[in-house]
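Hey, can you work out the whole structure from these sequences and the hints?
In the order they appear, the protein sequences are chains A and B. For the first sequence, this note's numbering gives the first residue as 1195, with consecutive numbering after it. For the second sequence, this note's numbering gives the first residue as 8, with consecutive numbering after it.
Only pairs whose alpha carbons sit at most 25 Å apart, straight line, appear in this in silico BS3-like list of lysine-lysine: (1) 43/B x 1307/A; (2) 43/B x 1303/A; (3) 1273/A x 1307/A.
Rather than coming from a laboratory, the hints here were simulated on the basis of the structure.
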Amino acid sequence: MPSADLIEVRGLKSFYRGRQVLFDVTFGIPSHQVTVIMGASGCGKTTLLRHLIGLKCTGQGQILVDGEDLGSFSEGLLKSYRRRIGVLFQGGALFNSMSLRENIAVPLKVHTKLADETIRIMTVMKLNMVGLSDFSEFMPSQLSGGMRKRAGLARALAMDPEILFVDEPSSGLDPITAAGLDRLLLDLRETLGMTVVVVTHELESAFKIADRIVMMDKGRVMALGAPDEVRRSTDERVLQFLNREADTHMINIDSYYESLLDKE
Amino acid sequence: MIKSLISCPSPEHAVLEFNGLFDRSTAHKVRRDSLKLVQKQGSRELEIDLTNARCIDTSCVAVLVEILNTVRKQGGKLKLTGIDDNTARMISLSQLDEIFEDVIVAEKK
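The following block contains the structure:
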């Protein structure tokens, strides 16, 4: 399959409450491959994801989709881009007042003219893909966090998106279920030619599924390439992350003491 | 865009051939044309030929499941021919291989 970059991130800078959280982030997301964005908590992964799905447009730099700048998309173009993508948010982001079956049917009812029976069969198929076909009539509140996450993935897959964005797919899942989701993401790439972007800090899962890894640290890309290339990196921070070594907790004793003083 | 062509090689056997892109924008037409023929065919054999159709999403698998269910309810028999590797993989991804085992005719594109 071709592997030209479907999405290019060029010199992206992002700010949150006046603080810079992304610094000149540049990398490409190839078509029909699994790109894993990884890094420690708070490194800017989720902010980057929000830019990629068009939820956060303020910032500097560009995100090119098929060569067109996402930041300059009209409302109509943004809508059609969102129809091409599926997103699994960290918490699953399900509608609490609907059963799982109804949750998954929503995008199909809104965006297609498929018959009700076809939609019903598709929702069962998607729930089966994530191992939840026996829970179709359950409400989200009746499920564990891991099950809600899987249901969220089923909904993200409802429209067979061209690009699937997944935020922390393995968090809250037992190892067997997490391995099953990894397998599913690879099958989706293989079978439907899906372009998959996974945001995670789970090393084992990342190296198992990634065709390309974007490793981030404090809002910057610190390593980029195929898993083997990243493994061979000699960068200290990359090695620290790969070897799961704790950060030395550096504090400024003066400002720490200052913060302990009663300001009243 | 997808087009359909009906032929009846024998009184007991009807063939519905599809030509074009079979996806969520055309699935309703495949469904409508197939189910209409199933009503007419009753318990006889219906063959759906997808040699010239390209299935690119799971809506086509869902429609094929629905057609299969309807044919079986009527006591008829469904045969799928011209299923390409991608469609076979989608059936497999949906864990429906066993259900389609006796339906898909071996020769592939």
